[in-house]
Amino acid sequence: MKITGYERPDGSVGLRNHVAILPSVGCANDVAVRLGRMYPNVALLCHRQGCSQVGSDNDQTARTLVGLGKNPNIAGVLVVGLGCETIPPEYLAEEISKTKKMVESLVFNEEEGLMAALPKGARYIDRMLHEASKMTRVPCDLEQITLGLKCGLSDTTSGIASNPAVGIAADMLVEFGGTVIFGETPELIGAEHLLGKRTASPEIEEKLYRAVNECKERVKASGGDIQEANVAPGNIEGGITTIEEKSLGAIKKAGGTTLQGVLDYGEIPKGKGLFFMDSPGRSPDALTGLNASGAQIIIFPTGGGSPAGSLISPVIKITANSRTAQRLKDHIDVDVSSVINGEELLVTAGERIFQKLLKVANGELSKAEGLGFGGISVWNIGPLCG
Amino acid sequence: MNKIKAIVMDEKDNVATLLLRIKADDQVQIAVGERYFTTQVKESIPYGHKIALTDIEKGEKIIKYGEVIGRAINDIKKGTHVHVHNIESLCIL
Numbered sequence: 001m002k003i004t005g006y007e008r009p010d011g012s013v014g015l016r017n018h019v020a021i022l023p024s025v026g027c028a029n030d031v032a033v034r035l036g037r038m039y040p041n042v043a044l045l046c047h048r049q050g051c052s053q054v055g056s057d058n059d060q061t062a063r064t065l066v067g068l069g070k071n072p073n074i075a076g077v078l079v080v081g082l083g084c085e086t087i088p089p090e091y092l093a094e095e096i097s098k099t100k101k102m103v104e105s106l107v108f109n110e111e112e113g114l115m116a117a118l119p120k121g122a123r124y125i126d127r128m129l130h131e132a133s134k135m136t137r138v139p140c141d142l143e144q145i146t147l148g149l150k151c152g153l154s155d156t157t158s159g160i161a162s163n164p165a166v167g168i169a170a171d172m173l174v175e176f177g178g179t180v181i182f183g184e185t186p187e188l189i190g191a192e193h194l195l196g197k198r199t200a201s202p203e204i205e206e207k208l209y210r211a212v213n214e215c216k217e218r219v220k221a222s223g224g225d226i227q228e229a230n231v232a233p234g235n236i237e238g239g240i241t242t243i244e245e246k247s248l249g250a251i252k253k254a255g256g257t258t259l260q261g262v263l264d265y266g267e268i269p270k271g272k273g274l275f276f277m278d279s280p281g282r283s284p285d286a287l288t289g290l291n292a293s294g295a296q297i298i299i300f301p302t303g304g305g306s307p308a309g310s311l312i313s314p315v316i317k318i319t320a321n322s323r324t325a326q327r328l329k330d331h332i333d334v335d336v337s338s339v340i341n342g343e344e345l346l347v348t349a350g351e352r353i354f355q356k357l358l359k360v361a362n363g364e365l366s367k368a369e370g371l372g373f374g375g376i377s378v379w380n381i382g383p384l385c386g
Numbered sequence: 001m002n003k004i005k006a007i008v009m010d011e012k013d014n015v016a017t018l019l020l021r022i023k024a025d026d027q028v029q030i031a032v033g034e035r036y037f038t039t040q041v042k043e044s045i046p047y048g049h050k051i052a053l054t055d056i057e058k059g060e061k062i063i064k065y066g067e068v069i070g071r072a073i074n075d076i077k078k079g080t081h082v083h084v085h086n087i088e089s090l091c092i093l
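If you read the sequences in order, they're chains W and Z.
Under this note's numbering, the residue at position 158 of the first sequence is numbered 158, and the numbers go up by one with no gaps.
Under this note's numbering, the residue at position 53 of the second sequence is numbered 53, and the numbers go up by one with no gaps.
Rather than coming from a laboratory, the hints here were simulated on the basis of the structure.
It cannot be assumed that every hint is accurate.
Taking lysine-lysine pairs in the DSS-like style, the calculated list, with each CA pair at most 27 Å apart, reads [to be verified]: (1) Z/LYS78 x Z/LYS12; (2) W/LYS220 x Z/LYS61; (3) Z/LYS61 x Z/LYS12; (4) W/LYS329 x W/LYS356; (5) Z/LYS12 x W/LYS197; (6) Z/LYS61 x W/LYS216; (7) W/LYS100 x W/LYS120; (8) W/LYS272 x W/LYS197; (9) Z/LYS5 x W/LYS197; (10) W/LYS356 x W/LYS367; (11) W/LYS272 x W/LYS100; (12) Z/LYS5 x Z/LYS42; (13) Z/LYS23 x Z/LYS58; (14) Z/LYS23 x Z/LYS78; (15) W/LYS329 x Z/LYS5.
Distance ranges between label pairs, derived from CB positions [stated by the list, open to error]: (16) W/GLN326 x Z/VAL84: 19 to 29 Å; (17) Z/ALA24 x W/GLY375: 38 to 48 Å; (18) Z/GLU88 x W/GLU90: 48 to 58 Å; (19) W/ARG218 x Z/LYS61: 24 to 34 Å; (20) Z/TYR36 x W/ARG198: 24 to 34 Å; (21) W/LEU346 x Z/VAL84: 22 to 32 Å; (22) W/PRO233 x Z/SER44: 14 to 24 Å.
Here are a few chain W residues that face chain Z, going by a calculated C-beta distance under 10 Å [said to hold, decoys possible]: (23) GLU90; (24) THR156; (25) VAL231; (26) GLU237.
As the structure is a computational prediction, the values presented were derived from the model and not from experiment.
C-beta: ideal position from N, C-alpha, C; glycine also.
Only chain Z is shown next, with the shape it has when bound in the complex (with noise of 0.2 Å):
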């Protein structure tokens, strides 16, 4: 088997997860169940952390294993770090 750089938890995802750090310029491969794909990356991330698989308006909602995670609070461009500094969640009490 290759080893997954990043993966995609569910098809109607517009992140995905990766499973390496990874540097600006780098092309990540990445696994969406047995498909994979490659992507530019445009900004260092680390292990672990989201990057943007396409491009996100602000104020759209963030979808990680097939359900909303979150919304955007500004635009996020595809192949950029998506975390605590542009997504926000919708959880507020």
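Pulled out of the complex, with its shape left as it was, chain W reads as follows (with noise of 0.2 Å):
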């Protein structure tokens, strides 16, 4: 079995062929913004991090900004900065480079101002998408996918239906030889123990586990209610009691294969299977994470329908409550509510979840994706030191 791609030079296979515009810092936003003006088919990949961050938390940003500009679906990159962040745009610049595709940069500091960076920007990019329009999608094999899990305002048919779908299908890509790479760690409070169970390794476990209780104590040093934070209104609305009942039902989207590694967040994973990546479970946040950790697709379940989505790779929706299913057609995928009402097999249900996988992966539009839904949001985890 074959999907179609863009091949990088690195090697990868990108499954889109985006140009994107990266700042650096949150103060060079403005520029990117005005480029991104001119130029609206471009990826905008603003946030607001980059600067007057220290230690693990400026080296997580960094890893993150860089893995988004490595993510295989972009075909080329301008780095948008001002010259005097904690991250300098040559640094991201450099890294990206790595991969080989196009990169350029943009120091706003350099320049008189808006109006000598614009035409310089523009140029960059305009070259960028002449070249990228000249890549043609060739075969490859579904080894070359990374499939991003995100599971967001879950209800009641999120464990019992579509998570375990997802789980399916995540399962079957596994088996074609792909990359599956799922997050949100204080959904995993409660139902650790079942992962600890599968690891590759002891080391894995430790990791995990290590995961979990930072986690559980950056909560507690906050002075915050996990249970509150974590179940919120409308999942308890929805029957949801308990975060271990969430976490019991959130797992089950990654299937049963064994845990071949715990990454941190934004980090690339060395090798195939399954994945845990440390992050949070706000959605722009755990989706900025999967993307710069390589994530090409994204599948995300949701009960009472989330409409996010990402810039970067298409997001395919996929919900077992059927009044979501009608309410929000514009923004679900895969209806699989049929399983909730007695009409289908679950693993019929997983089947055709990753039919439509192959399909988006294959070029065709997700909702979220048709809407241009999506943002970046890079993982903030320690104090602004200027």
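Can you join these two chains into the complex? Each is in its own frame, and there are hints to help.
Take a look at the structure:
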């Protein structure tokens, strides 16, 4: 079985062929936005990080921004910076260039204001768009796919049908040699022991529990209530009572294969199979992390109907809630409520999701993608020290 | 296939999840894998919420998906609503 994709110089495969504008710092967003208005078909990856951060937080933001630029769906990237920020635009450009894709950088402080920066940036983008337009899809193996998984606005149907059906599709991709990454550390609380039983090594098991414990410590240190933060009013109204119940339902989307590794946020896995990424559950941050770790396509099961998308990769929405499927038919890609109604077996629903994955990989737009939904949010874990 | 009215995720569970809204004195048909059984409902319970399959004592663990999802903070009668008013998480930090 093959899909088609864009072969990149580093051997990876893009399922899309974007040219992106990547600010190295939030302060450069205004320049990036002006360029984005000239080229509305470019992926505009504005965010608010990149300066005044220290230690592991700074490292994480740098790693994530590099990862976004490296994502195989991106054919070329213009890094836009001011020149005074903690994470230099030249650093990002140099790291992303290791993939040998098209990379340019525009440093605002080296230009005479916006009126000089805009034409320079526009020329870079124009050239990259023309080069990207010459690229064509070629057949490639399913093992080139890195699938990101995220569940959102969960309700009772999530753990019963949509998450397990996604798990079946995830297992199928791993069987074909692909990679699956799922995250949302707070939504592992109460279910981590199930994942801990099926790690490829004791070190991975230890790293998994450490990630969960650090998450719990952070919540405790802030004086917050993990139950209140994670089991939102919408979840409670939908029938989910405790964080354990939510987590046990959430973990089903990861299927049943062995956990090959625990990734830091935005870390690109070195191998194939199933990986867990330490990340928040909040959608923009979770999706950004998945794209930074290389996910070219994301499956997103939802109960109540989250509309979240990504500017870098298609996000495929699955629901087993028939009311959501009807009300949000412009946002939902696959309706598996037939499993809840007793009209379809879970395994058949899983196969349907896998078939959708292949179609979208080959170029069919997901609903969120067609609507242009998405935005970057880099998970900020430290204080601002400037 | 029959329309599923409530579902038990694992043989070890002591709660079922309702797939339609039920009223007091309804008989609800519950699926456990390929099997079905019927139970009497003691009170109205919304769609998606849980119903106790047996009497559950205060302090007893609530099992769903074959795993512990919480514990009872009161005695819970068979056929009644199981939710935030009578169970609590064990994940207290």
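Against the structure, the hints:
1. Pair hint Z/LYS78 plus Z/LYS12 holds up; C-alpha atoms about 16 Å apart against a cutoff of 27 Å.
2. The straight-line distance between the Cα atoms of W/LYS220 and Z/LYS61 is roughly 24 Å, inside the 27 Å bound, and the hint therefore holds.
3. Restraint check for Z/LYS61 and Z/LYS12: satisfied, since their Cα atoms lie roughly 12 Å apart, inside the 27 Å limit.
4. Our distance criterion of 27 Å between C-alpha atoms is met by W/LYS329 and W/LYS356, whose separation comes to about 16 Å.
5. With a C-alpha separation of about 19 Å, the suggested pair Z/LYS12 and W/LYS197 falls inside the 27 Å cut-off, and the hint holds.
6. Restraint check for Z/LYS61 and W/LYS216: satisfied, since their Cα atoms lie roughly 22 Å apart, inside the 27 Å limit.
7. Our distance criterion of 27 Å between C-alpha atoms is met by W/LYS100 and W/LYS120, whose separation comes to about 22 Å.
8. Using a Cα cut-off of 27 Å, the hinted pair W/LYS272 and W/LYS197 holds, with the two alpha carbons roughly 19 Å apart.
9. At most 27 Å may separate the alpha-carbon atoms for a hinted pair to count; Z/LYS5 and W/LYS197 exceed this at roughly 33 Å.
10. Restraint check for W/LYS356 and W/LYS367: the C-alpha separation of about 12 Å stays at or below 27 Å, so the hint holds.
11. A C-alpha spacing of about 22 Å is found between W/LYS272 and W/LYS100, which places the hinted pair at or below 27 Å, so the restraint holds.
12. Of the pairs offered as hints, the one joining Z/LYS5 and Z/LYS42 holds, with about 16 Å between alpha carbons and a cut-off of 27 Å not exceeded.
13. A threshold of 27 Å between alpha carbons decides the hint, and for Z/LYS23 with Z/LYS58 the separation of about 25 Å falls inside it, so the pair holds.
14. Among the hinted pairs, Z/LYS23 with Z/LYS78 is consistent with the structure: their alpha-carbon atoms are about 15 Å apart, no more than 27 Å.
15. For the suggested pair W/LYS329 and Z/LYS5, the alpha carbons sit about 25 Å apart, so the restraint of at most 27 Å is met.
16. At roughly 28 Å, the beta-carbon separation of W/GLN326 and Z/VAL84 lies within the given 19 to 29 Å, and the hint holds.
17. The beta-carbon spacing between Z/ALA24 and W/GLY375, approximately 47 Å, falls within the hinted interval of 38 to 48 Å.
18. Remark: the range hint 48 to 58 Å for Z/GLU88 to W/GLU90 is upheld by a beta-carbon distance near 53 Å.
19. Take W/ARG218 and Z/LYS61: their Cβ atoms lie about 27 Å apart, and the range 24 to 34 Å holds.
20. The supplied range of 24 to 34 Å is met by Z/TYR36 and W/ARG198, whose beta-carbon atoms lie about 31 Å from each other.
21. Between W/LEU346 and Z/VAL84 the beta carbon distance is about 28 Å. The supplied range of 22 to 32 Å therefore holds.
22. For the pair W/PRO233 and Z/SER44, the supplied restraint of 14 to 24 Å holds, since their beta-carbon distance comes to about 20 Å.
23. Given the 10 Å rule on beta carbons, the hint for W/GLU90 is violated: about 43 Å separates it from the nearest Cβ of chain Z.
24. A least Cβ separation of about 3 Å between W/THR156 and chain Z falls short of the 10 Å threshold, and the interface hint therefore holds.
25. Because the smallest distance between the Cβ of W/VAL231 and any Cβ of chain Z comes to about 8 Å, under 10 Å, the interface hint for this residue holds.
26. Interface restraint check for W/GLU237: the shortest CB-CB distance to chain Z comes to about 8 Å, inside 10 Å, so the restraint holds.
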